[in-house]
Each structure stands twice: as C-alpha cells, then as structure tokens.
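Novice: So you can see what is in the structure, the chains are spelled out below.
There are 2 protein chains.
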Amino acid sequence: MPVTLEPPDPDSLLPIKGVTLGAAEANIRKPDRKDLLVIALEDGARVAGVFTQNRFCAAPVVVARQHLTMLDPDASIRALMINAGCANAGTGKDGIAAARRTCGELARLLGCSSAQVLPFSTGVIMEPLPVARIAAGLPACVAGLGENNWLDAAKAIMTTDTVPKAISRRIRIGDAPVTITGIAKGAGMIRPNMATLLAFIASDARVSLPLTRAAVAYAARRSFNCITVDGDTSTNDSFVLVTTGAATMPEITDAAGREYSAFRDGVTEVALALAQAVIRDGEGATKFMTIRVDGGRNEDECRRAAYAIAHSPLVKTAFFASDPNLGRILAAIGNAGIADLDAEKIDLYLDDVLVARNGGRHPDYRESDGQRVMKQSEIEVTVKLNRGPASGTVWTCDLSHDYVSINADYRS
Amino acid sequence: MPVTLEPPDPDSLLPIKGVTLGAAEANIRKPDRKDLLVIALEDGARVAGVFTQNRFCAAPVVVARQHLTMLDPDASIRALMINAGCANAGTGKDGIAAARRTCGELARLLGCSSAQVLPFSTGVIMEPLPVARIAAGLPACVAGLGENNWLDAAKAIMTTDTVPKAISRRIRIGDAPVTITGIAKGAGMIRPNMATLLAFIASDARVSLPLTRAAVAYAARRSFNCITVDGDTSTNDSFVLVTTGAATMPEITDAAGREYSAFRDGVTEVALALAQAVIRDGEGATKFMTIRVDGGRNEDECRRAAYAIAHSPLVKTAFFASDPNLGRILAAIGNAGIADLDAEKIDLYLDDVLVARNGGRHPDYRESDGQRVMKQSEIEVTVKLNRGPASGTVWTCDLSHDYVSINADYRS
Chain A
1 MPVTLEPPDP
11 DSLLPIKGVT
21 LGAAEANIRK
31 PDRKDLLVIA
41 LEDGARVAGV
51 FTQNRFCAAP
61 VVVARQHLTM
71 LDPDASIRAL
81 MINAGCANAG
91 TGKDGIAAAR
101 RTCGELARLL
111 GCSSAQVLPF
121 STGVIMEPLP
131 VARIAAGLPA
141 CVAGLGENNW
151 LDAAKAIMTT
161 DTVPKAISRR
171 IRIGDAPVTI
181 TGIAKGAGMI
191 RPNMATLLAF
201 IASDARVSLP
211 LTRAAVAYAA
221 RRSFNCITVD
231 GDTSTNDSFV
241 LVTTGAATMP
251 EITDAAGREY
261 SAFRDGVTEV
271 ALALAQAVIR
281 DGEGATKFMT
291 IRVDGGRNED
301 ECRRAAYAIA
311 HSPLVKTAFF
321 ASDPNLGRIL
331 AAIGNAGIAD
341 LDAEKIDLYL
351 DDVLVARNGG
361 RHPDYRESDG
371 QRVMKQSEIE
381 VTVKLNRGPA
391 SGTVWTCDLS
401 HDYVSINADY
411 RS
Chain B
1 MPVTLEPPDP
11 DSLLPIKGVT
21 LGAAEANIRK
31 PDRKDLLVIA
41 LEDGARVAGV
51 FTQNRFCAAP
61 VVVARQHLTM
71 LDPDASIRAL
81 MINAGCANAG
91 TGKDGIAAAR
101 RTCGELARLL
111 GCSSAQVLPF
121 STGVIMEPLP
131 VARIAAGLPA
141 CVAGLGENNW
151 LDAAKAIMTT
161 DTVPKAISRR
171 IRIGDAPVTI
181 TGIAKGAGMI
191 RPNMATLLAF
201 IASDARVSLP
211 LTRAAVAYAA
221 RRSFNCITVD
231 GDTSTNDSFV
241 LVTTGAATMP
251 EITDAAGREY
261 SAFRDGVTEV
271 ALALAQAVIR
281 DGEGATKFMT
291 IRVDGGRNED
301 ECRRAAYAIA
311 HSPLVKTAFF
321 ASDPNLGRIL
331 AAIGNAGIAD
341 LDAEKIDLYL
351 DDVLVARNGG
361 RHPDYRESDG
371 QRVMKQSEIE
381 VTVKLNRGPA
391 SGTVWTCDLS
401 HDYVSINADY
411 RS
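Residue numbers (our numbering), protein chains in the order written: chain A, 1 to 412; chain B, 1 to 412.
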C-alpha cells in the first residue's frame, strides 16, 4: 500500500513538443500488460543520463553509455526503448549482443542508426533478453507513438510498483513558458527488486548539451541519489533527461545564468517528486520517513549517517511497528563509519519531539510523545551532530512483512 | 526456529578451575527469568577482551575498557557482571555512572576493588539501567556461585535468543590436558566488528596476559567478526577471554611456539562454534548460509564481497523463499564497492552447482539444480573473483517474516 500516493491524474500530464511515446504488449514476462515502451525524439534533442554504479551493471546500461559517448556530434539520439520483465543483467557478452540487436530493430523501423537508440531494461536478473518478442512488439509501439501517452508509458515500465509515477511542471525561463514532464519506476532494489529505478524526464527547454548533462547530474544528486528502500543498488538504474529545444527561447548556455538555474531547479523539482513517489510506493512501505542530519563537518558524513539510519533493518522494523524504540537510531548513527564522532554531542528529534540530547535520553522525553509521532504515516527524523555546518537528507520507508512477501514471491 | 541447533547437553559443559558462575532473577525487564549473571574469577586470572567499534558504544563497554587498562599490574579482574534486558547504551554520562555503581556493589560483596569488576549489558537501548534492581539481585548471584553453572549462565544472558549457546573443548598443550568453555548470546543486531554480541570464553590454560590478548583478537577475527544477521553492529558487543592458569603446565609466553598455536586454535574453535550458533539462532532464521569468496586480490575485498551478499535484503529474502533468484547475488557483488572489479570474470556456485561463469548464466545451469540446493537448510555460496589468491568467508542467515515480527514486537 503506497504511502500518501495517488495515481497521477491523466489531465495533469503535459506533452513535451518533440517527444512522442508508444507502448505495447510484448509478453516479456507476464501476459496482458504493456511491457515495452518507445520514447521517440525529434531530430536535435539533447540527451544526458546518469547510470548505476553497480559493477555488475546491466547490458543495456553498457550499451546506452556507449551510444551516448560514441554519437557523432552532428547526430542526435532518436529513441529510448524500455522493456520491463527482464533486466538483461548478469547476462555477460550475450546480453550486450542482445541489447544491440533490439536497438538495430528499432533503428530500422525509425530509419535512424542503431547508435541513435538507447536501450533500457528492468526486471529479473540473469535471464536472457527475449529479443524475438521485443522485435515483434516494436512495430506496435512505433505505430502507437503519440505525445499524450505519458501515463501509458509510466505504466509500461512498472514491475513491483503499485502506482504509476508521472509528473509535469510548467516553469518560466525568462519570458518563455517551458514544460517538464517525467516518469519513473521502481519500488525495491532501490536501490530495487530486481529491478531498478528507471526515470525519464523531458523538457521543451532549449538547453545546450553540456548544461543538459550538468542538470541531470545536479538533479540526480538531490533526488534519486537521496532515496533508499533496501540499500540494494540495482544493476539497471538509469535516469535520463531530454531537452527537445522546441520552446521559443534563446538557448541556455551559461551555467552561471539565472536561466540555467531556473531550468535546473525545475528539473530537480520533478526528479525529487518522482524519487519521493518511488519511496512512497516502496515495496511493502507503510511509512514515509525523512532522515535529516544537521551539524556535520561536510555533506558526505551527514548523508552517511542518514543512510546508516535508513538502511538499518532494526530501525526500519521499529517504524513498521510504530514502536518508539529510538535507541536503535543512535546505534545506527554509531555505525555510520564516522571515525571521530563524539556520541555525547548528538541530539535526536522525532518530528518536533526532542528525544535525546548529548547522546542520552532527554529527561523531559516521554514515550507517549514518541509513540504519537511513530503512529503517523509520514515522519521526520532529525539528528544534530553538533560538529559542523553541513546537512544531508535521505528519504526512505519502513521494512514490513509485505517487503519480505513481495521479494520472496517476486518471480512466482 | 534455529537452524540445526540443539540446546547444549548440560553434561557436555566442562567446568574451568578458577571460574565460578551464579545467576539470579533481578526483574530487569521480564519477570520469572534469570537475567543477572556473575562470573567470579580466582585471583591471578588473565582477562582480555575485544569490544564493539560502534561510536555509540554502551556505558558498560566504556567502563569495562577503562577497568582493563587502568588495572594495577599486581591486581587481576575478579568478576564479570552481565545483565540482560537493558543495554545501558545511548544513556550518556548517567549511564556510565550507573554502570560504575553496579561494579561498586559487586566489589563490596566480593571484597575487591570496583576496578576489578567488568560490567556487561544487553537489551533495549536508551533506557536507564535499573541500578537498584541489579544491586538487589547481586547477593543471590554471589550466594549461588558454582563451577557447574555454565548452562544457567548461558540462559541468563539471552534476549531474543531461542537457544542458549555454550560449548566446551578439551585440548592438549604439550602434555597438559586443558579445558576451554565458552558462552555467547545474540540473535539480532548482529554484525560484530572487532568483537561481538556478548561472548565469554574461559580456559584453565596458563597463558601470559599478552598472549591471552593475542588469542582473543585472533579468534575474534576468525569467528565473531565473520558473521552477520542484519548488518547492524551493536552498541554492546564484547568478547572476553579468561585464562585462569589452574592447569598444571608451564606458562605459555612464546607467540611463535606450538603451545600458543594449540591454545589459540582451541579458543578459535570454541569461538567459531559459538559464532555459528548465533547465526543458526539468528532472528527469524530458517537457513544457515556460508558465503565464501575466492580469488580476490586480498582478504579484505573477499570479505567485502561476502558481506555485500550477506547483507542484501533481496538475497536474504530469496533464500527465505528457497527461490533460486540468483541474479540478486551477482547484483550484490557488483555493489560491494570494489572499484575495478571485472564482472565478466566472476563465477558463482551454489554448493557444487555452477550457476554463472564469466559474469553470466552458465549454459548448462538448470533452474531445477538451483532449486534443489535452495531447499536445503544449509547452503554454501561460492564466488570466484578470479583476480588474485585471497579468500574470505562470512556466515549469515536468511531474512524471514519472523525477523520482522521479532523486531517489530521486541519491546512489547
């Protein structure tokens, strides 16, 4: 059951000029569902991506990275191709050849080169990609291409997700109205269940390729790179930003300018909403937690402490039980690998309830106050390290019986 | 339900000359159970310990470390005092004062100095130590001191353990018969580092203090520091080795001698049996897994890969389900933080079944073979990195519904 997350209203999703989408049933893993998606881009779109750092990165990630770097400067990426049901990871050299073959099939249908297609996969690891079924499904995707299919697209890439994730924002850059629309999938191995997190955001803004790349890295660091369901970084994680340049505006080329800031912040807002939607729909999630660590020497140690809390199975099960067994949070901080951390300086808040001061339970803390907050479906944990000026925030969910059930039964 | 683990046969537990034990009901957390233990040592015993590296280390750990280092060279530790039900961690300066007060109480009863008592606690974090109840329980512990109470002692320190853990070994050092007996507790928050949970091993061997210290560090590295239930390093981990010197033998003082090796290996064997018993009784465990990584450049990277597998919730839930969803193991290896790892060199075995070769599914691998192994209650996972001569092994258990239930309900 997702935490405070409704399916997107189809009317809220805004088309992006220069982007069309088409999904089809390719029977990759389960029948009677669309599981193959093509996102076609008009000539000249700028595309930038960030990918998993898992060393067992999937074949489509290897190929997509290659295509992005190999691309002739005069050419542009013409399509993203995404399948659910099979991750094409842990498949060795055969997997890479299979990903290339599906790129070739789509390139033939679209009349472009194979290197102008970026492949993405999500699903079970270590099973061969069903190339023939994908090839058979692609014509229906291409035939169905349309600019209003964003919701359909969000549904086609789901695996253990229970709610499709899609969002649009209208921003203004200078005088120009600009639209940003994005979709994402992922619920476990979020670092995900088999699967993966896939996120695609497109905008009609006119942005140079270097600044499109800068914006995707900036947004990733402040959104998808700040969430965790289970600490398992997937083999297939990919986050891609497309700028079609269809909006009537001067091209953004100055990284220090207000126009770039407006664009970058708009993309980050969409990315953060999608990232938080992934957590709200995390496998088995019953609670949405914001873990904020202040007063660190640098952002890295704040994030390290926040992740140590967010990854602790003991913390996560206590939140599932609405049990203010908050010593587990202190134990997790002590485990964060911050070598010279002074436990006696640390304060801990649950929402606005002061639980611990100077490393020990605060004398005024009453368990009934902790209990009240723990029963909420959204909870903010704030830790003050009191040793510096930096902050860091991570979003996560609890660990419930349903997480175990979903992952024990995923393939059946 | 523990995995292939029976309660110890009381007759199998051998007394150690110079060590007596007494347990009592102190009503620390739950009524009608013994939850306070005193292990009294005759004058002259050598005591060495290794302790948690969690920065939020518990008050008793702070005090025990101080007492071990402060001790007058002519004096010796006379007692270990252990309570279950309250960890006295996350309790700040008050917690340290409380631990000292309980040491003082026991010292008064035994006629020694407070610094000759080492305190240990296990249980809920961030609750104050009930000093008065412990003080009230200590006389019964002292009155009951006897050398045949090892099983009673193992029971008194249990928390979520379902089976008491105790073991004895008789070894021969030169011509002298020597006995080693140990107890341990722990089922969750198990990812010992440097030490573990609580474990106490005593021997009548005559061993110098430096070599007693060397043996405890050696054994810890090969036993408790190789196990994990949930990746959460506890605030209270302590592993203590006592040598009473009561055996008729020359003192062991030569670290390069056969006598030291025999003693060290005997201690390590007892420590490993206790450590594996902790995993077999891991919270909610239904399977006992040995994760062996070969062919690494050094032991550290082998252990890192083994821990990445052992900590992955997705791997652990797949084992719980007996589902050979083995791509999750590859994904976990890719996540181990080994920067230049070449995924295409990696082989994966499940017991003797070759699952993946060169980073991809082996063509002869049949899921029915994987399924057969996954149904066993004991499973060995072997990963070959094929990049060097080193190996590393970690023992762990699966992640089941009962883990969630136990930790959601622990305090209730």
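Accuracy of the hints is not assured; some may be wrong.
Listed next, the in silico DSS-like pairs over lysine-lysine satisfying Cα-Cα at most 27 Å (straight line) [as the list claims (entries may be wrong)]:
1. B/K93 - B/K17
2. B/K375 - A/K93
3. B/K30 - A/K375
4. B/K375 - A/K30
5. B/K345 - B/K384
6. A/K93 - A/K30
7. A/K384 - B/K30
8. A/K384 - A/K345
9. A/K93 - B/K93
10. A/K345 - B/K30
What the hints contain is simulated information worked out from the structure, not anything from laboratory work.
Novice: When you check the alpha-carbon spacing of B/K93 and B/K17, does it fall within 27 Å?
Specialist: Violated, at about 37 Å.
Novice: Going straight from one Cα to the other, do A/K384 and B/K30 come out at no more than 27 Å?
Specialist: Between A/K384 and B/K30 the Cα gap is close to 34 Å, so the pair fails against 27 Å, i.e. violated.
Novice: Could you grab the alpha-carbon distance between B/K375 and A/K30 and see if it respects the 27 Å cut-off?
Specialist: holds, 26 Å
Novice: Hint check: A/K93 vs B/K93, CA-CA at most 27 Å. Holds or violated?
Specialist: Distance ~59 Å between A/K93 and B/K93 Cα, so the pair is violated.
Novice: Under the criterion that the straight-line Cα-Cα distance not exceed 27 Å, is the pair A/K384, A/K345 satisfied?
Specialist: holds, 8 Å
Novice: Does A/K30 sit within 27 Å of A/K93, going by the straight-line distance between their CA atoms?
Specialist: holds, 26 Å
Novice: Holds or violated: B/K375 and A/K93, Cα atoms, limit 27 Å.
Specialist: violated, 31 Å
Novice: For the pair supplied as a hint, B/K30 and A/K375, confirm whether the alpha-carbon distance does not exceed 27 Å.
Specialist: holds, 25 Å
Novice: Measure nothing beyond the straight line between the CA atoms of A/K345 and B/K30; if it is 27 Å or shorter, mark the hint as holding.
Specialist: Given that 27 Å is the threshold and the Cα spacing comes to 32 Å, the pair is violated.
Novice: For a C-alpha distance cap of 27 Å, please report whether B/K345 and B/K384 respect it.
Specialist: holds, 8 Å
Of the numbered hints listed earlier, those contradicted by the structure are 1, 2, 7, 9 and 10.
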